[in-house]
Amino acid sequence: MSEQSRIVELASIISKNTAMVAKYLECHGILSPSFNKNYVEPKDLPTEIMAAKQAIVEATEELSVLALGPTAFLTATNTTILPALHFIYRHDIATKFHIDEETNFAGLAHKIAMDVSDTERILRMAMTQRIFSELRPGVVAHTALSRAIATTPLLSSYLGLLTEEIWLSSSRVVDATAKWPGSNEPDETRYNLASGITDAYFEGLKKDPLRSRRFDEVMKYTHNGGAFERAGLVKYYDWQSISDGTVVELGGSQGTMCFDLARNFSNMKCISQDLPAVVEATSVPEDLQGRVQLMPHDFFTEQPIKNADAYLFRWIFHDWSDKYSIQILRNLIPALKDGARILIGELCLPELGKATSTVVERRMR
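When you line the sequence shown up against numbering that gives the first Met the number 0, it's residues 0 to 364, in that order.
I should point out that these hints are in silico values taken from the structure, not numbers from a laboratory.
Note that the coordinates shown come from a computational prediction; the quantities given were computed from them, not determined experimentally.
Mixed in with the good hints, there may be bad ones.
Simulated pairs of lysine-lysine, DSSO-like, Cα-Cα distance not exceeding 30 Å [as the list claims (entries may be wrong)]:
| # | residue 1 | residue 2 |
| --- | --- | --- |
| 1 | K52 | K219 |
| 2 | K42 | K305 |
| 3 | K36 | K52 |
| 4 | K268 | K15 |
| 5 | K268 | K305 |
Using the sequences and the hints, build the whole thing.
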């Protein structure tokens with residue numbers, strides 16, 4: 000296929016799928032996507048509509064790259080939106096004026112105790128990404144994107160983690176691979192170089208209540224849908240075969256996976272294990288008392304619950320190198336009975352180019 004016919008094909012994909020999404024929204028009385036501050040994105044769309052939206056995103060991105068060409072694409076990389084997002088997060092700007100209100104740069108700058116000209120320049124950069132808008136010269140208003148930040152605290156926490164930790168450390172990837180080639184150690188990473196902290200990432204979190212709370216909030220946000228959602232694991236694994244047994248989840252955080260299992264299988268006993276500080280901040284819902292237990296446990300030590308039917312690791316091993324993942328698994332051995340199951344819930348990387356989409360593969364890698 001020639002590149003000329005490819006761009007026509009991409010345009011057709013965009014047109015076809017956009018029409019499908021638009022028709023569904025119209026038939027169900029749902030507002031069409033908009034940057035208007037009153038727009039709220041719909042939840043729980045049907046699988047085929049979500050697939051159509053994904054097709055639009057993927058085709059639009061590919062078409063954009065082809066339309067730009069190699070040189071323009073490589074030089075068009077946007078490095079300025081992250082500082083703008085960082086500024087918005089650090090000063091909590093999205094909540095400094097009501098969704099239905101307007102304000103001005105001087106008023107905002109006063110509220111956050113920042114220079115007016117700095118505030119103007121940085122927010123105007125955010126506006127090029129449709130985060131806030133300048134309705135009239137000097138007048139700032141909300142858009143759908145800034146509204147999402149203002150009304151979704153967990154999203155704001157995600158932006159904090161992105162701009163204050165992930166972005167910060169990304170600039171040191173090359174340096175880390177040069178200093179510690181092939182390292183398996185959790186304290187020899189890009190984050191250690193960027194932050195100057197010598198502790199492993201999770202050890203550092205324990206010593207910083209603000210970062211620890213933000214990280215927990217981000218986990219709640221990311222596990223509330225998509226590939227991280229618990230519902231798929233509950234639905235598609237054969238839990239019925241051990242529905243009268245005991246399931247132990249290691250690194251279970253707030254215990255939500257165990258809560259879901261216990262509510263779906265009334266005879267199942269569930270034990271959620273995590274570090275003491277996490278367990279102390281969590282409680283078992285009243286309807287699950289006696290069937291779900293929250294237990295302090297470090298999975299780098301021997302497993303104390305013997306003879307369970309299944310031991311579940313959900314989104315654990317991607318945080319650890321092979322060396323430490325093997326150690327975690329070995330600590331289970333003394334507890335295992337014949338026929339016990341070790342269940343691992345993780346994303347599996349496909350061979351390069353074999354994923355269903357480059358957008359999905361990029362996110363996974």
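Broken hints, numbered, in rising order? 2, 4
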